[in-house]
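Novice: Spelled out from the first residue to the last, the chains are:
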Amino acid sequence: MSFFLETLLGGLMSGMLYSLVALGFVLIYKASGVFNFAQGAMVLFAALSMARFSEWIPEWLGMDNLFMANLLAIAVSVVVMFAVAWMIERLVLRHLVNQEGATLLMATLGIGYFLDGIGQTVFGSDIYKIDVGMPKEPVTMLESVFDGGILINKEDFVAAFIAAMLVLALTIFFQKTSTGRALRAVADDHQAAQSIGIPLGRIWVIVWCVAGITALVAGIIWGSKLGAQFSLSTVALRALPVVILSGLTSVPGAIIGGLIIGVGEKLSEVFLGSYVGGGIEIWFAYMLALVVLLFRPQGLFGEKIIDRV
Amino acid sequence: MFYRENGQFKTTYQSDQQIFAIPQDRWAILAIVAVAFVGVPLLVDEYLLRAILIPFLILSLAALGVNILVGYCGQITLGAGASMAVGAYAAYNFLIRVDGMPALAAILLGGLAAAAAGMMFGVPSLRVRGLYLAVATLAAQFFWDWAFLRIKWFTNNASSGSVSVADINLLGWTISTPTDKYLFCLGILVVFSLMAKNLVRGSIGRQWMAIRDMDVAATVIGIRPMYAKLSAFAVSSFYIGVAGALWGFIHLGSWEPAAFSIDRSFQLLFMVIIGGMGAISGSFFGAAFIVILPTVLNQVLLLVGGVFGLEISVALVSHIEVTVFGALIVFFLIVEPHGIARLWSTGREKLRLWPFPH
Numbered sequence: 001m002s003f004f005l006e007t008l009l010g011g012l013m014s015g016m017l018y019s020l021v022a023l024g025f026v027l028i029y030k031a032s033g034v035f036n037f038a039q040g041a042m043v044l045f046a047a048l049s050m051a052r053f054s055e056w057i058p059e060w061l062g063m064d065n066l067f068m069a070n071l072l073a074i075a076v077s078v079v080v081m082f083a084v085a086w087m088i089e090r091l092v093l094r095h096l097v098n099q100e101g102a103t104l105l106m107a108t109l110g111i112g113y114f115l116d117g118i119g120q121t122v123f124g125s126d127i128y129k130i131d132v133g134m135p136k137e138p139v140t141m142l143e144s145v146f147d148g149g150i151l152i153n154k155e156d157f158v159a160a161f162i163a164a165m166l167v168l169a170l171t172i173f174f175q176k177t178s179t180g181r182a183l184r185a186v187a188d189d190h191q192a193a194q195s196i197g198i199p200l201g202r203i204w205v206i207v208w209c210v211a212g213i214t215a216l217v218a219g220i221i222w223g224s225k226l227g228a229q230f231s232l233s234t235v236a237l238r239a240l241p242v243v244i245l246s247g248l249t250s251v252p253g254a255i256i257g258g259l260i261i262g263v264g265e266k267l268s269e270v271f272l273g274s275y276v277g278g279g280i281e282i283w284f285a286y287m288l289a290l291v292v293l294l295f296r297p298q299g300l301f302g303e304k305i306i307d308r309v
Numbered sequence: 001m002f003y004r005e006n007g008q009f010k011t012t013y014q015s016d017q018q019i020f021a022i023p024q025d026r027w028a029i030l031a032i033v034a035v036a037f038v039g040v041p042l043l044v045d046e047y048l049l050r051a052i053l054i055p056f057l058i059l060s061l062a063a064l065g066v067n068i069l070v071g072y073c074g075q076i077t078l079g080a081g082a083s084m085a086v087g088a089y090a091a092y093n094f095l096i097r098v099d100g101m102p103a104l105a106a107i108l109l110g111g112l113a114a115a116a117a118g119m120m121f122g123v124p125s126l127r128v129r130g131l132y133l134a135v136a137t138l139a140a141q142f143f144w145d146w147a148f149l150r151i152k153w154f155t156n157n158a159s160s161g162s163v164s165v166a167d168i169n170l171l172g173w174t175i176s177t178p179t180d181k182y183l184f185c186l187g188i189l190v191v192f193s194l195m196a197k198n199l200v201r202g203s204i205g206r207q208w209m210a211i212r213d214m215d216v217a218a219t220v221i222g223i224r225p226m227y228a229k230l231s232a233f234a235v236s237s238f239y240i241g242v243a244g245a246l247w248g249f250i251h252l253g254s255w256e257p258a259a260f261s262i263d264r265s266f267q268l269l270f271m272v273i274i275g276g277m278g279a280i281s282g283s284f285f286g287a288a289f290i291v292i293l294p295t296v297l298n299q300v301l302l303l304v305g306g307v308f309g310l311e312i313s314v315a316l317v318s319h320i321e322v323t324v325f326g327a328l329i330v331f332f333l334i335v336e337p338h339g340i341a342r343l344w345s346t347g348r349e350k351l352r353l354w355p356f357p358h
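Residue numbers (the numbering used here), protein chains in the order written: chain G, 1 to 309; chain B, 1 to 358.
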């Protein structure tokens, strides 16, 4: 029982991290109808920038304070991600308005290649450490309930907490601020939003900025777990089933979908994987999403698709 | 001046329905095929054959398959790499497990196996469409990646999923030199392109296009979506599977599952989008662009590095290559979202009026 609970909790934690990346997809898809395959590259780019600036800044300024270095590095990385977002809107999306979905998809793939390449050209391609002082040691919980208790990685716990805070902040931003209202209006109907004077171009820049921030948060958390390295860009592929399962248009759905996928992956790997040779978690998530799609083509929380001729 | 159709009247149905209705086109295509079969093997050196032309031919075949599905039937797929893998590994198993199996038959059977697998993973297309479908097809990609790595039966108990095939033999013709390989792939490509062109002109191709343009409307006028979509998945996977088998048997010789990873799927989709969706010629343009670009970039970067006396490391060159590749793709999509095939047809329209456009 305690082993089952441990697996379940582990799944919930990694699910929280998936939903962080999935959020980036959903935000951009909702606001501009673009399925952003470059989200993984953005996570990698943000993580690399964070890792390298936290190394370079103390060198340049000749200081020895880890906290200040991290803070400055985060600030610089935020600026970098804003610049990336602005350039993507300015140089790419602006010219591709009204193109087919497939063309836009390919364009974001191109952006992804570009970011992968330039990130590793500028920042280098080794494995870099991100040290933001995440606690590493595991703790034991609920010893009174179970024999031996359950072992939890404190790092996962902190990461899940940060992810939850980010989601909360995003929800408040979307529901309570005027920019958030404008974003939701654009998501509902581009033309109607434009007709009441919401500047579409600026909204898209803002959305990409927000997606850049979520990429940065995801990059820092994943990066301090695994190190900032090329394989981070594949995290996006792990998060894709999440958005499909929960629907491309729902922010809370991305969170719940992330938790479902996270738990499903871990449980399947532990309880089914040993029978078929292991390593099934990567496609199991996709199969899970596929089965859901067969019954609900719009995903669990997506808007209903209505056919018009 | 040379490319005029004035005075060419079509007096029979046959001449009206030819693939290349204008004699100039007909002669040009014949000339290209003749040069490809006779001229190229005489003039081109082995390195070029091995590094550029053979990959180009095989990937054009795969892009043709992807184009049937994406360009003609409108179902976006990101699982093309998986179909290639199924084709390659199925052909391998037919070859080693059946005594006296001719290699060409094994390759075609590999294509059929890929078609069956493609139909299986095409079933979701009946319920979901667009981007949801694109991600759903990734399920096939990851499943087959895993299957060929972990299920030892498929790879005849090879340790890391790596298998190899000896030079194949076709009716006493041993295909071993690059020239032989080139001619073999070219022959298959010509036959398959002709088949594809006729398929998309025929009844089934028109059904695919109706489904692509608006599937609800197509259903209303009596097209069965299940039949049309699944047949598109089957035909397209067959093409891609044959290409995969060729890639393994002819180009690589020995391969492992990583040869058909998700990057291959992206690459094939790039070819179709950049070449031109819904145009047979687009597959060739796209394949040429994607195959040649990295080689050219690599050479240019080394050259630039040499001019400025910079010592550029191999890793840095590959990073810059990826960067420029991504930028060029975005650039091409912006300049011509309908692909190189559209540029080509615009150019042809201009040529018809040249040199007196008014």
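If you are wondering where the hints come from, they were derived from the structure by calculation, not from laboratory data. One thing to keep in mind: the hints can contain errors.
[To be verified] Simulated coverage check for chain B against chain G, where a stretch passes if three residues somewhere in it have a Cβ under 8 angstroms from a Cβ of chain G:
(1) 93 to 101
(2) 115 to 128
(3) 145 to 156
(4) 314 to 327
[Stated by the list, open to error] Partial list, computed: chain B residues near chain G (C-beta under 10 angstroms):
(5) V70
(6) G74
(7) F142
(8) L170
(9) L171
(10) V330
(11) F332
(12) L333
(13) V335
(14) P337
(15) I340
(16) L343
(17) W344
[To be verified] To be clear about the criterion: a stretch of chain G counts as covered by chain B if any three or more of its residues have a C-beta under 8 angstroms from a C-beta of chain B, and this derived list gives those stretches:
(18) 43 to 52
(19) 85 to 96
(20) 101 to 113
(21) 254 to 266
(22) 283 to 294
A virtual CB, placed ideally from N, CA and C, is assigned to each residue, including glycine.
Novice: Should the interface hint for B/L343 be scored as holding, given a Cβ-Cβ cut-off of 10 angstroms against chain G?
Specialist: Hint violated; B/L343 Cβ to chain G Cβ min 15 angstroms, cut 10 angstroms.
Novice: Does B/P337 pass the interface hint, meaning its C-beta sits closer than 10 angstroms to a C-beta of chain G?
Specialist: At about 5 angstroms, which falls below the 10 angstroms cut-off, the nearest Cβ of chain G leaves the hint on B/P337 intact, so it holds.
Novice: Examine the stretch 314 to 327 of chain B for residues whose CB is less than 8 angstroms from any CB of chain G, and state whether their number is three or more.
Specialist: holds (count 11)
Novice: Can B/V330 be said to touch chain G, with a Cβ gap under 10 angstroms?
Specialist: The hint holds - B/V330 has a Cβ within 10 angstroms of chain G, the shortest such distance being about 4 angstroms.
Novice: Once the shortest beta carbon distance from B/V335 to chain G is found, is it less than 10 angstroms?
Specialist: holds, 9 angstroms
Novice: Do three or more residues of the stretch 101 to 113 of chain G come closer than 8 angstroms to chain B, measuring C-beta to C-beta?
Specialist: holds (count 11)
Novice: Can you take a look at whether the stretch 283 to 294 of chain G is actually covered by chain B? Rule is 3+ residues, C-beta closer than 8 angstroms.
Specialist: Coverage by chain B holds here, the residue count being 7 at a Cβ distance below 8 angstroms.
Novice: Taking 8 angstroms as the Cβ threshold, is the statement that the stretch 115 to 128 of chain B is covered by chain G upheld or broken by the three-residue rule?
Specialist: Per the Cβ count (3), the hint holds.
Novice: Min Cβ distance, B/F332 to chain G: is it shorter than 10 angstroms?
Specialist: holds, 9 angstroms
Novice: For the stretch 85 to 96 of chain G, do at least 3 residues have a Cβ located nearer than 8 angstroms to some Cβ of chain B?
Specialist: holds (count 4)
Novice: Tell me if chain G covers the stretch 145 to 156 of chain B under the three-residue, 8 angstroms CB rule, please?
Specialist: holds (count 5)
Novice: Against chain G, run the beta carbon of B/I340 and see if the smallest gap drops under 10 angstroms.
Specialist: The hint is violated - B/I340 has no Cβ within 10 angstroms of chain G, the shortest such distance being about 14 angstroms.
Consistency with the previously given hints fails for numbers 1, 8, 9, 15, 16, 17, 18, 21, ordered from lowest to highest.
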